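In order, the protein sequences belong to chains A and B.
Using the working numbering, count along the first sequence one by one with no gaps and you end on 323.
Using the working numbering, count along the second sequence one by one with no gaps and you end on 321.
Each hint should be verified, as a subset may be incorrect.
[To be verified] What the simulated footprint calls covered on chain A by chain B, stretch by stretch (three residues with Cβ under 8 Å from a Cβ of chain B suffice, anywhere in the stretch; the number is not a length):
1. 35-44
2. 65-74
3. 85-96
4. 163-171
5. 181-194
6. 208-221
[Said to hold, decoys possible] Mimicking EDC-like on lysine to aspartate or glutamate, the simulated pairs with C-alpha atoms at most 20 Å apart in a straight line are:
7. 159(B) to 51(A)
8. 159(B) to 29(A)
9. 134(B) to 222(A)
10. 313(A) to 242(A)
11. 199(B) to 181(B)
12. 252(A) to 242(A)
13. 252(A) to 187(A)
14. 159(B) to 220(B)
15. 159(B) to 55(A)
16. 313(B) to 222(A)
17. 159(B) to 30(A)
18. 159(A) to 319(B)
19. 196(A) to 221(B)
20. 4(B) to 207(B)
21. 199(B) to 221(B)
Honestly, the hints are just simulated from the structure, not real lab data.
The model shown is predicted, which means the values in this text are computed figures rather than measured ones.
Every residue, glycine too, gets a C-beta built ideally from N, C-alpha and C.
Letter by letter, the chains look like this.
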Amino acid sequence: MARITMREAISQALWEEMERDPKVFIMGEEVGVWGGTYAVTRGFYDHFGPDRVRDTPISEAAIVGAAIGAALVGLRPVAEIMTINFAFVAMDHIVNEAAKFHYMFGGQMVVPLVIRTVSGGGRQLGATHSQTPDAIFAHFPGLKVVAPGTPADAKGLLKAAIRCDDPVFFIEHATLYQLRGEVPEGDFTIPIGQSKVQREGRDVTIVTYSKMLDTSLKAAEELTREGIEVEVVDLRTLRPLDMKPVLESVKKTNRAVIVEEGWKSYGVGAEVAARIYEEAFDFLDAPVKRVAQVEVPLPYNRTLEQMALPQVKDVVQAVREVL
Amino acid sequence: MDKKEYLDLYYQMVVIRRLEERAAELYQQGKIGGFLHLYIGQEAVSTGIISVRRPEDRVITAYRDHGVAINCGVSAKEVMAELLGKATGCSKGKGGSMHLADVSKNFWGGHAIVGAHLPIAAGLALGDVYQNQKAVTICMFGDGATNIGFFHEALNLSKVWNLPVLWVCENNKYGMGTAVERASAVPEIALKADAYGMKRDQVDGMDVIKVREVAARMLEEIRSGSGPQFLEVVTYRFRGHSMGDPERYRTSDEVRKWQQDDPIGVYHNYLLAQGIATEDELQKTIREAEEEVEEAVRFAEASPEPAPEDLYKHVYVSETC
């Protein structure tokens, strides 16, 4: 096991997959000469060359569209959309093309495409650059949506995504690149579509993913001091959604809090809560509680921005409320 | 071209025409649902272009795709079965009129979001360049698509990366019911290629031989490394945009005027005038084409519906990966 950052883990996954399979290539804005706006692909351009690390114009629709075309004829593109906010510009290609072709053409087309993008607020980038709209992308059958919260998961899931024959929307979090964690040595993958218990506990189940895993684990640490043992289930994949570990945990603790960074309305928490009610209603001793972003466009001002984003104290409070 | 090839072009155009006339009837009978965009009047465009493509050349088009499918070698049976939503259709009854495809024929689909397939075409060509395949991607679209952002992004990218794409704009004068002059700042669509430093040409789309000659030259130049080129084909759709179009945007006089240049009639006269075929031979070709279409209708009507379990098939290649 090596203790590395999220950035290093993602970078390693890309590098190793490109070394393993010549059909894997990267395309996106500033991925090459610049080295990636989040420095994930630093050094790639010099090592793999301009054909495999392709700088593109600022053309999100063309980035995703061309990556789909290349995937159709047998390549394994990793298209980078600089932030998830720009993915709206490429929305048609993500949801109307990538997610549909295999089904709509009767199985004859296969789109082994990975779209890497960066979600999340907290960097004072204002309303257009700070959104966490992950749930929107998880709405569409045909797309797989992955959002890891630890370096090990990021590495294993990204490698799995690149080897997967379906289109995968891979969401990294803007403020997690420096997060450190243990990552196994050597080549490994983590299957897409498997939730995981990241911390065991008997009293309350927290269901979360991505950045909010870190927030939730910190809240769990605080609550331990009060004698409250929280179990934290990390979804890791938003579609296909694996509810099994969630339901098993809720049946044990009989209480659930869902923590997400995006807005509450129509969000991940809404989906997970509905499924808990549908499939484990009789096991609940309290209503399911949701912690989410305040329903405003994120402001620039640091204090206001942090007020809008879910904090450790919000999670702690929500857990107390369901007890 | 030898005589057989000349007659084959004629045969293909008549198959497309007859197949669509029958499709319109089946639509009226309620056997075909959804949208049905007929290619009638435009047959010379795809017939001419695709007649000079090589098997390795890829073809991708918009939703007015029945003719392109036939020209690419998809059988009339599979096209008609798809229109009827049958399991034997080229997209297994899941796609319908707007989403025909046959990857084995290097036909990468009908695409129904205007302009969205242009970036995908650039990607098909990128895939070929990346894998050192000497192939050209032929991307067809309507005049309406030249006004959407995808057009700009795709053409720009294709030139920046010098991708082997033949961009073919089928200018049939109307984007749905809006005339080109009412929708495009520059109604001479071929001029738009200049913005991308791309070689361009324009051709009469009612004349299959002219279309074929221009396309052959451009494809050869692209194969030799010219980078992407742009061809505007001036044509006209004789029927409405889709079924049930009241056609308030044009006069019947205008339609009649264009019908005098019916691409099948023009080519018919050409074959006779050049002494390539006799009237009897052409009539025989028409009968054969009609028989193929009737056979296709019989096949499609007798074909099974998709099974209920097919509803859930092909959402993903694999649920677990």
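Structure-based check of each hint:
| no. | hint | verdict |
| --- | --- | --- |
| 1 | 35-44 | violated (count 0) |
| 2 | 65-74 | holds (count 10) |
| 3 | 85-96 | holds (count 3) |
| 4 | 163-171 | holds (count 4) |
| 5 | 181-194 | holds (count 3) |
| 6 | 208-221 | violated (count 0) |
| 7 | 159(B) to 51(A) | holds, 15 Å |
| 8 | 159(B) to 29(A) | holds, 17 Å |
| 9 | 134(B) to 222(A) | violated, 63 Å |
| 10 | 313(A) to 242(A) | violated, 28 Å |
| 11 | 199(B) to 181(B) | violated, 23 Å |
| 12 | 252(A) to 242(A) | holds, 17 Å |
| 13 | 252(A) to 187(A) | violated, 35 Å |
| 14 | 159(B) to 220(B) | holds, 17 Å |
| 15 | 159(B) to 55(A) | holds, 14 Å |
| 16 | 313(B) to 222(A) | violated, 47 Å |
| 17 | 159(B) to 30(A) | holds, 19 Å |
| 18 | 159(A) to 319(B) | holds, 16 Å |
| 19 | 196(A) to 221(B) | violated, 56 Å |
| 20 | 4(B) to 207(B) | holds, 18 Å |
| 21 | 199(B) to 221(B) | holds, 10 Å |
Of the numbered hints stated above, those contradicted by the structure are hints 1, 6, 9, 10, 11, 13, 16 and 19, listed in ascending order.
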